[in-house]
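Student: Chain by chain, the residues:
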Amino acid sequence: MVAISINGKIYQTNADPRTPLLWVLRDDIGLTGTKYGCGVAQCGACTVHIDGVANRSCQVPLNSVGRRKVTTVEGLAEGGTLTKVQEAWLANDVPQCGYCQSGMIMAAAALLKTTPKPTDEEIDAAMTNICRCGTYQQVRAAIHDAAKG
Amino acid sequence: MTTTATLNRRSFLASSAAIAGGFSLGFGVPFSRAEAQTGVPEINAWVVIHPDDKVVIRIARSEMGQGTLTGLAQLVAEELECDWAKVTTEYPTPGQNLARNRVWGNFSTGGSQGIRQSNLYVRQGGATAREMLIQAAAKDWNVPAAECSAANSVITHKGTGKTTTYGKVAAAAAKIEPPKDVKLKDPKDWKIAGKGVKRLDTRDKLTGAQIYGIDLKLPNMLTATIKDSPVQGGKLKSFDAAKVEKMPGVKKVVAVDGKGVAVIATSYWQARTALAALPVEWDDGPGGKINNDDITAMLAEGLTAQNAFVGNTAGDAKAAIAGAPKKIEATYSYPYQNHATMEPMNCTALWTADKCEAWGPTQNGEAALAAAAEASGHPVAKCDFHKTLLGGGFGRRGRSDYVRQAVLIAKEMPGTPIKLVWSREEDMTHCAFHPVMQCKLTAGLDASGKVSGLHVRLSGQSILASLAPQNMQNGMDPVVFQGFNNGGTESAYGYNIDNLLVDHAMRNPHVLAGFWRGVNTNQNAIFMECFMDEMAHASGQDPLEFRRKMLKPRHLRVLNAAVEKAGWGKQPAGVYQGLAQIMGYGSYVAAVAEVSVSDQGQLKIHRIVAATDCGHAVNPAQIERQIAGSFVYGLSAALYGECTVKDGAIEQTNFDTYNVMRMDEMPKVEAVIVPSGDFWGGVGEPTIAVAAPAVLNAIFAATGKRIRTLPVMNHDLRKA
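Just so you know, the protein sequences line up as chains F and C, in that order. FYI, our numbering numbers position 66 of the first sequence as 66, with every residue one higher than the one before it. FYI, our numbering numbers position 276 of the second sequence as 276, with every residue one higher than the one before it.
Where hints are given, some of them may not hold.
What the hints assert, rightly or not - Straight-line alpha carbon distances no greater than 30 Å define the calculated DSSO-like cross-link-like pairs of lysine-lysine that follow: (1) K326(C) x K705(C); (2) K148(F) x K195(C); (3) K668(C) x K117(F); (4) K84(F) x K195(C); (5) K84(F) x K168(C); (6) K289(C) x K450(C); (7) K668(C) x K84(F); (8) K84(F) x K450(C); (9) K604(C) x K719(C); (10) K117(F) x K719(C); (11) K148(F) x K668(C); (12) K318(C) x K450(C); (13) K450(C) x K195(C); (14) K86(C) x K84(F); (15) K84(F) x K113(F); (16) K117(F) x K604(C); (17) K113(F) x K668(C); (18) K148(F) x K243(C); (19) K113(F) x K9(F); (20) K113(F) x K705(C); (21) K705(C) x K148(F); (22) K168(C) x K86(C).
What the hints contain is simulated information worked out from the structure, not anything from laboratory work.
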């Protein structure tokens, strides 16, 4: 049994300690908002926060998490109230298929924490997530909107 | 706040009401005309209205990001005269469609068809329901229906001023005989359609609540993952299940279809870990000897072969070219490409001795049902397929190979639902790839620089030969000529050329070819529009003026809209422009690209202006997004997209070797929507075709280098 803190709750899991956090979240905890896209930290669909920092959870073994606090996309909107980033995403009608958007939102939220008013260049550097539908233009607009808010 | 919860993954049941509903409802209980999935009476196949005025609009086509769910709902709601704020949507299942004589029509979602091919009957569905609701109110009030009108889900009687809501009369309306001939609105009067309303399916995508196929949970479900023969046409020779059977979570190791092997386990990671450790031997078959150079040579031979299928001919191209004072020639080449949807292929199936159900992302619900039924060994009436939202489609999910696999695997454990999830590596190496094609173009130009003859020889792969040989015409694949037609409603190159020959030497390597967003317009627009640029430069003409002299009116109108917005010739210093145009999927499109290339050969695409005449613009905001997205997809392909073959297998296995465009490379895309209002054109695909040629022509303007072999990443762009 390993204990892990996710979205403010402590969970016990029997998963093999080498299991990537992504699959612990999806298959053991049942939080499927964090997506599998590539498994090699290329696409960013599995981005979560670990102690507030964006991490690609497909490359984070369960036994490396320790007592650090994991936040997934499900943990953003407390009591159903969307965060500024999510509101900006809604206002800009960002998602198309939406599959990459959990990771995009988590990456954007982490960026805005360290860089409250990011420039386009800072957005480019931080947002390396892949979107095959091509929502990049709306993602950028939404980040700027969230920064204004 | 910190609380403690002990996990038991089996306690997690299906979290989506729609999925739970589908599961508990089972099949063989298709809802009758009067009984909706929810128990609330339907007005007709398209419309259900709840007592609280909630409107449920049924959508037959698949939503994969393109916005068809919202667009089709707008068209129904427009005629229904309902309150848009109260609209939700649901998918009928393909089994229900079959049981009701295909009342929802075609489920297939490809070829940018969603709105252009179903707009008439979905609008009629909305209008019919509106008339039934009005009649029910009129009957209740004992007044003529003609004196009543509806707006915003409220029915009003003109004489008395009485009002009622749709929710109050819905049950009575459901019993009224549907009117035969309903009049549809003039699009000029649209209030919901034609407007850039927000998508209906956004909120859950922002919170993690949205369930995709890969997120499905059913009681007692297990997860499987698969390795299929790495070489198309190969077979499974042997595997040593004993080596992995005792690994954690592993339930069973099964052969699939004689050409694949799957591990079924409690969780994905356990299945994947065991599959990676499983010793497997393959019989690659003849394809195993094929390398990329063999395919390149096979196609090159076709460029000068005697025999070719003629797709389009006018006058005598060969004679005109032979007699022309100036002759130019160029050969282009287009590689295999993977769709690389963000959500890898997956499907969940439950098989028992007398029935089979499957759940998953598909662009073609009815084909998925047929594949599930065939694999299950049960009659179709004993099977059903439940569509989930797609994490991308792009043509990949028009095929049902993964559905067949899931059902075959589930058959190995009757009564246990099994979710098959492909690894990204499996996904990258197993699809029906964008076909390979080479093209030799030969033109004669007269003394005034006019094209006197053009011969376009295509040599390469046929998608129909791979996927639908029954649709070929005496051995010819007409789809190969997409974009090289003179006119019609589907695709056209748009120029007046008196002497033209477009022919195709079919060369089919063993790698499967398939439909890929934009399909054959992608390479054909590159061939034609880059060669137009070559002809313009060879005869010392401006590429825009050269085209204007030859273009047909609708094509010219859209090209003009694009160049006006872009400011042709007015680009900043150091920035170079290129343009392209075509008609595809019913819509006339054109683009201007602005690029710069540094001394080190670094390409930057600054700006794209893309114009479309899609006839009717049902949701301009979504059209803008589809246009921008089509450039991301098309330029990812042009810059990086290449799947190569070694020992018969695809070499690229993940995004580290199959790169795609990211945010830092995203140009500013400006959409110019110029709907002429007298036809219905597609939106998802048309503009992808002009993405690559506009940029390639701009690269030539910047560097003097003509890139004729894709992708761009293989070329040194430093100025010659």
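Student: Compare the structure with each hint and give your call.
Tutor: A quick look at each hint next to the structure:
1. K326(C) x K705(C): Satisfied, since the Cα-Cα distance of roughly 21 Å is no more than 30 Å.
2. K148(F) x K195(C): holds, 27 Å
3. K668(C) x K117(F): holds, 20 Å
4. K84(F) x K195(C): holds, 26 Å
5. K84(F) x K168(C): violated, 39 Å
6. K289(C) x K450(C): violated, 47 Å
7. K668(C) x K84(F): Distance ~25 Å between K668(C) and K84(F) Cα, so the pair holds.
8. K84(F) x K450(C): violated, 58 Å
9. K604(C) x K719(C): holds, 14 Å
10. K117(F) x K719(C): violated, 38 Å
11. K148(F) x K668(C): holds, 21 Å
12. K318(C) x K450(C): Roughly 16 Å separates the two Cα atoms, so the pair holds.
13. K450(C) x K195(C): violated, 43 Å
14. K86(C) x K84(F): Holds, because 25 Å separates the two Cα atoms, which is no more than 30 Å.
15. K84(F) x K113(F): holds, 12 Å
16. K117(F) x K604(C): holds, 25 Å
17. K113(F) x K668(C): Roughly 26 Å separates the two Cα atoms, so the pair holds.
18. K148(F) x K243(C): Not satisfied, since the Cα-Cα distance of roughly 58 Å exceeds 30 Å.
19. K113(F) x K9(F): Holds. K113(F) to K9(F) sits at ~22 Å (cutoff 30 Å).
20. K113(F) x K705(C): Given that 30 Å is the threshold and the Cα spacing comes to 45 Å, the pair is violated.
21. K705(C) x K148(F): Measuring from Cα to Cα gives roughly 43 Å; hence the hint is violated.
22. K168(C) x K86(C): holds, 14 Å
Hint compliance for this structure: hints 5, 6, 8, 10, 13, 18, 20, 21 are not met, and every other hint is.
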